[in-house]
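**Q** Here are the chains, one letter per residue:
2 protein chains.
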Amino acid sequence: MNEEMTMLYEEMMRLMEEKHFSQLRELLVDTKPVDIAEAMEEMSEEAPESTIIIFRLLPKDLAAEVFSYLSTSEQLSIVDALHEKQLKNIVEELNFDDKIDFLEEMPANVVKRILKNVTEEERKLINQFLNYPEYSAGSLMTIEYIDLKKEMTVSEALQHIRTTGVDKETIYTCYVLNETRRLEGIVSLRKLVLAEAHMLIEDLMDEDLINTSTWDDQEEVADLFKKYDLMTLPVVDQEGRLVGIITIDDIVDVIEQENTEDFEKMAALLPGDEEYLDASILTMAKKRLPWLLILMISATFTGSIISRFEDVLQAVVVLAAAIPMLMDTAGNAGNQSSTLVIRGIALGEIELEDYLQVLWKEFRISLLVGLMLGLINFARMLLIVESSILVAVTVSFTLSLTVVMAKIFGGLMPIIAKKMKVDPAIMAGPLITTIVDAMALIVYFNMASLILGIH
Amino acid sequence: MNEEMTMLYEEMMRLMEEKHFSQLRELLVDTKPVDIAEAMEEMSEEAPESTIIIFRLLPKDLAAEVFSYLSTSEQLSIVDALHEKQLKNIVEELNFDDKIDFLEEMPANVVKRILKNVTEEERKLINQFLNYPEYSAGSLMTIEYIDLKKEMTVSEALQHIRTTGVDKETIYTCYVLNETRRLEGIVSLRKLVLAEAHMLIEDLMDEDLINTSTWDDQEEVADLFKKYDLMTLPVVDQEGRLVGIITIDDIVDVIEQENTEDFEKMAALLPGDEEYLDASILTMAKKRLPWLLILMISATFTGSIISRFEDVLQAVVVLAAAIPMLMDTAGNAGNQSSTLVIRGIALGEIELEDYLQVLWKEFRISLLVGLMLGLINFARMLLIVESSILVAVTVSFTLSLTVVMAKIFGGLMPIIAKKMKVDPAIMAGPLITTIVDAMALIVYFNMASLILGIH
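First to last, the protein sequences are chains L and U. Going by UniProt numbering, the first sequence runs without a break in its numbering and finishes at 455. Going by UniProt numbering, the second sequence runs without a break in its numbering and finishes at 455.
Chain L on its own, in the form it takes in the complex (with noise of 0.2 Å):
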């Protein structure tokens, strides 16, 4: 918690040991509902029964905005001590995408108990939303937006929407449906407003849609989000009939979510959606062993490397020493390569046809920078360790080799599973690794037999 909210907190605490319930109230309407959601998760370590009060002092409709930021445990926790009544009262609120982020969280006995507090049409509707696959285009959208015909004129358009507007998760921008809710067109309220009044939808309304369908996944719709700088963004169904939007609040949760399994993906991590704080150890865990196991196991096969030239070794011990270093180097180099070019696909900046320009820029960089760290490792080992030229020349030229292999791979492997439909984050640090690591040791031991002469 930041100074801010710590000064928030301790008031909250202090009005209620209080017990002046009032002026705490007064205190939670100025406060924004994100922060009363984070003081009552801070709370629910310290005091858990004075999270139910806060909750319940708050007027409704701020309750339920403040329910939709809190953390599935403590909605749980809320969930439970509510009577029905209160409960009925809180969904009822709840903005629609709200409702079945929170449903799709909650166990099947408290999702029972909501369904039986709604009408028939709307189960029918939540049961539908609660199909859409986690991650698709469907599990994103609201269906409060506000819905015109083209034939209507501004005046009527604007007092449709102060008649509808409500509740609606946004009016700035407006769909035009046909009779069947086909979707003919959007409509921004900046042009509604900006329009004369007897003007006709039809020849305000933007009929060049972008839009999506429900089955579409969540990071193409960030795509196109990113792309176009939008705001809304319809869904249709294969008939074309409007079904919900996407707003971009959500479109920024995405965003990172898909940033998050990318950087765990690139460190050998199962994806997963829990926080750090909350997962169970179990969890936490499952999500770190298999790829840990798989490249254990395949680092056994570069350690086969060094039995096979154990000669070589005993001959020369000393070159045992620099095996840590070209190992680390080829892995950071590679490393590096295939994080900017997973990067540089992630946004779109690299293709696949892209992959001989990839290839050509990773070969000319990792010259100059395998030639750089060889020089230096030369002159280091002259002077510092004061190793035999030979030697020195075995060591700085497998670095130089490695570096150069290490970055032409590491910079072709994301771009060659992006080409096998892979996702071309698994090709990060940990699996390149690896890789590098067993060719920089058998061009090491190669280099060795050939320049000292060892057989």
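Source of the hints: derived by calculation from the structure; they are not laboratory data. Quick caveat: nothing in here was measured; it's all calculated off a predicted structure. Misleading hints may appear alongside valid ones.
Said to hold, decoys possible - Taking lysine-lysine and the PhoX-like style, the derived pairs with C-alpha atoms no more than 20 Å apart in a straight line are:
| # | chain 1 | residue 1 | chain 2 | residue 2 |
| --- | --- | --- | --- | --- |
| 1 | U | LYS191 | L | LYS168 |
| 2 | L | LYS168 | L | LYS60 |
| 3 | L | LYS191 | U | LYS32 |
| 4 | U | LYS226 | L | LYS32 |
| 5 | L | LYS124 | L | LYS112 |
| 6 | U | LYS32 | L | LYS227 |
| 7 | U | LYS191 | L | LYS191 |
| 8 | L | LYS168 | L | LYS149 |
| 9 | L | LYS32 | U | LYS191 |
| 10 | L | LYS32 | U | LYS227 |
| 11 | U | LYS116 | U | LYS85 |
| 12 | U | LYS168 | L | LYS191 |
Chain U: place on chain L using the hints.
**A** Showing chain U alone in chain L's frame:
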């Protein structure tokens, strides 16, 4: 380019070759500006003169929008081809924040040529904006916002928006200023449209403002947008006067920029702004060499550990074969933990005071994971490699112990970095790997001396 873009591109090239310019112009007017920009970038490789033809065909306002999406190098070649008058038109039509972005990237002679054509007042303003540091709130803002007075009625405010709104970046959030331009509140267009015509702005406006100042870091600004689900954020000076606003579309770019920076730091790269395919070989080498060099030198210390235990290695050469596996697994295990904690800190899920929780969590996870890996390796060495029991015990016990050490170290280092006001992202893979590699070898050789009785 995707299929749709390829079709658009080929259609444009066909119309150009057949000199059907009026048809081409019609096609362009119906195309999204960012798609025209993308096609022009593609074209600039194959037929650079065609990009100028395309650009000249665009109506003035569309031309400015397309221009704002072009890469710096393409912008430069367009500027070179335009007459003074045409350039002035484009610059006039650019949004203020796009104008600043553009001028920041242009060489001095182009900036001079452009500033010659603007009014004295605008020149002053541009110079002021060019002085805000890169990555600051000031560098993100625009001055094109709607200002209201609190004495206005809703209908007066809407009238004011109608007369001044056309050139504004957004009209959805309006800023209520007093005579000295001090920010007194904000009111959304949503509230204005849904309110009664005679109501006063004073009674509608939200006075509990979230704002930022020109020198704040863009990462903090992005955090505010994420936490409060903002669409716009006012930027005020020390006297509380409104100097500009920041809009969500620019924040989406900031989020991706900050993520890229973290990815780069975590892969031992110096962060930088250039896109992969655009950056020169020298820029790229400079980005990569420093950390590679530091890590290479550090790894030589790891190597010196091997030298120090030369006699242990010579006594039981089979021990050398396990070195890559121990080093890689330690590095990967540490890397997993540091990545999760770095990401947790970046997303605000983990704070400084949580360090004991992280320690306790990593300890339990690492015990579980380390034990599993140790057991699997023990079985592998006995059954497949047919090592002696004592060697298998030495290697497996070292493995388990280093996984525990690596995970605790990897989990805590980012928090310590944060505490010392260093970017936690620096405490990722490469640096952690180098340190835990050394730990692994020290444990290994001491275990070997102890268990195998070599001195």
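**Q** Evaluate each hint against the coordinates.
**A** Cross-check of the supplied hints:
1. LYS191/U <-> LYS168/L: holds (12 Å)
2. LYS168/L <-> LYS60/L: holds (17 Å)
3. LYS191/L <-> LYS32/U: Roughly 18 Å between the alpha carbons, so the hint for LYS191/L and LYS32/U holds.
4. LYS226/U <-> LYS32/L: Given pair LYS226/U, LYS32/L holds - Cα atoms ~14 Å apart, limit 20 Å.
5. LYS124/L <-> LYS112/L: Cα-Cα ~13 Å, so holds.
6. LYS32/U <-> LYS227/L: Holds: LYS32/U and LYS227/L sit about 10 Å apart, inside 20 Å.
7. LYS191/U <-> LYS191/L: holds (17 Å)
8. LYS168/L <-> LYS149/L: Holds: LYS168/L and LYS149/L sit about 17 Å apart, inside 20 Å.
9. LYS32/L <-> LYS191/U: holds (18 Å)
10. LYS32/L <-> LYS227/U: holds (10 Å)
11. LYS116/U <-> LYS85/U: holds (12 Å)
12. LYS168/U <-> LYS191/L: holds (12 Å)
In summary, the structure agrees with every hint in the numbered list given earlier.
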